[in-house]
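Enquirer: Chains as they are written, first to last, in the numbering used here: chain A, 41 to 145; chain B, 771 to 904.
Don't take each hint at face value.
To be verified - Some, not all, of what chain B presents toward chain A, calculated at C-beta under 8 Å:
#, residue
1, 791
2, 841
3, 844
4, 847
What the hints assert, rightly or not - Only pairs whose alpha carbons sit at most 16 Å apart, straight line, appear in this in silico EDC-like list of lysine to aspartate or glutamate:
#, chain 1, residue 1, chain 2, residue 2
5, B, 792, A, 108
6, A, 132, B, 901
7, B, 823, B, 813
8, B, 792, A, 107
9, A, 124, B, 897
10, A, 124, B, 901
To be clear, the hints were calculated from the coordinates, so they are not data collected in a lab.
Cβ coordinates follow ideal geometry from the N, Cα and C atoms, glycine included.
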Amino acid sequence: MTINLNANVGSVLAKPEILTPKAGNAAGQKSDFANTIKAIEKHISKVDDLQSSSDMAIKDLLTGKSEDITSVISAVAKADMSFKLLVGVRNKLIEAYKQTMNMPL
Amino acid sequence: MEVNNTFGPIDIAISGLHTQGKWMEVISSNVANARTTDAGKGEPYRRLEVMFKTEGEDISSVSIDEIVPDMSDFHKILDPGNPNADAQGYVLMPNVNLPIEMMNLTVAKRAYQANAAVLKRYQQMVETALELLR
Numbered sequence: 041m042t043i044n045l046n047a048n049v050g051s052v053l054a055k056p057e058i059l060t061p062k063a064g065n066a067a068g069q070k071s072d073f074a075n076t077i078k079a080i081e082k083h084i085s086k087v088d089d090l091q092s093s094s095d096m097a098i099k100d101l102l103t104g105k106s107e108d109i110t111s112v113i114s115a116v117a118k119a120d121m122s123f124k125l126l127v128g129v130r131n132k133l134i135e136a137y138k139q140t141m142n143m144p145l
Numbered sequence: 771m772e773v774n775n776t777f778g779p780i781d782i783a784i785s786g787l788h789t790q791g792k793w794m795e796v797i798s799s800n801v802a803n804a805r806t807t808d809a810g811k812g813e814p815y816r817r818l819e820v821m822f823k824t825e826g827e828d829i830s831s832v833s834i835d836e837i838v839p840d841m842s843d844f845h846k847i848l849d850p851g852n853p854n855a856d857a858q859g860y861v862l863m864p865n866v867n868l869p870i871e872m873m874n875l876t877v878a879k880r881a882y883q884a885n886a887a888v889l890k891r892y893q894q895m896v897e898t899a900l901e902l903l904r
């Protein structure tokens, strides 16, 4: 399950790089959208950290390195929660981008 | 706490789970040693008790303060055939009362369940909040 989630993070990670230059071009000098994307990049790396730490916790549990199930639960719960938030924000962003692109000129 | 406050309830609930698990461990030690006449120091097993403490002054998680021995008197039972019996035929038994341990076990189990319920409900709450994004 976590491997899939990480793969998703990877695919999401690729997105801002696609989005940022376009946003910069569209808005010119004063681009709030680009700043938003930058903030989201930071958030993505945070989410990625949580994902990898939950991954590590699961691995440690399965390999017998640690027997503390509760810490695994906490790591997984945090990773899950932050990832859901990230997906929610991403969907909103894509939607906003699409709406902007569909604007009749 | 600052921005990361969203994880506060998780950390607290997890600390609860952790602590109740530890309590469970102490109870199991008490139950398992309910008739241990030799605990090493020439006296029977002494019942252990768990003290909880908060991590801070404000909203905070729970942790084990210390595990202290119950200093109440040992039980004395008449068993003249026992090799450990004294001149009057009495044997000192641990100061463990099984009914009390069973009671504590139920309390610990319920507390564990309560913390798990808090964790689950909080996750549901966050999901509800995220639903608003759609």
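Enquirer: If a hint holds in the structure, say so; if it does not, say that too.
Expert: Going down the list of hints, with the structure as the test:
1. Annotation: residue 791 of chain B was flagged as interfacial toward chain A, and the flag holds, the nearest CB pair being 7 Å apart, inside 8 Å.
2. With a least beta-carbon distance of about 31 Å to chain A, the hint placing residue 841 of chain B at the interface is violated under the 8 Å criterion.
3. For the restraint placing residue 844 of chain B at the interface with chain A, the shortest Cβ-Cβ distance is roughly 34 Å, beyond the 8 Å limit, so the hint is violated.
4. Interface hint status for residue 847 of chain B: violated, as the beta-carbon distance to the closest one in chain A is roughly 38 Å, over 8 Å.
5. Of the supplied pair hints, the one linking residue 792 of chain B and residue 108 of chain A holds, its CA atoms being roughly 11 Å apart against a limit of 16 Å.
6. Distance restraint check for residue 132 of chain A and residue 901 of chain B: the Cα-Cα separation of roughly 12 Å lies within the 16 Å cut-off, and the hinted pair is therefore satisfied.
7. Restraint check: the Cα-Cα separation between residue 823 of chain B and residue 813 of chain B comes to about 30 Å, which exceeds 16 Å; the hinted pair is violated.
8. Proposed proximity of residue 792 of chain B and residue 107 of chain A is supported: the alpha carbons are some 13 Å apart, at most 16 Å.
9. Between residue 124 of chain A and residue 897 of chain B, the direct Cα distance comes to roughly 8 Å. Compliance with the 16 Å bound is thereby established for this hinted pair.
10. For the hint pairing residue 124 of chain A with residue 901 of chain B, the CA-to-CA distance comes to about 10 Å; that is within 16 Å, so the pair holds.
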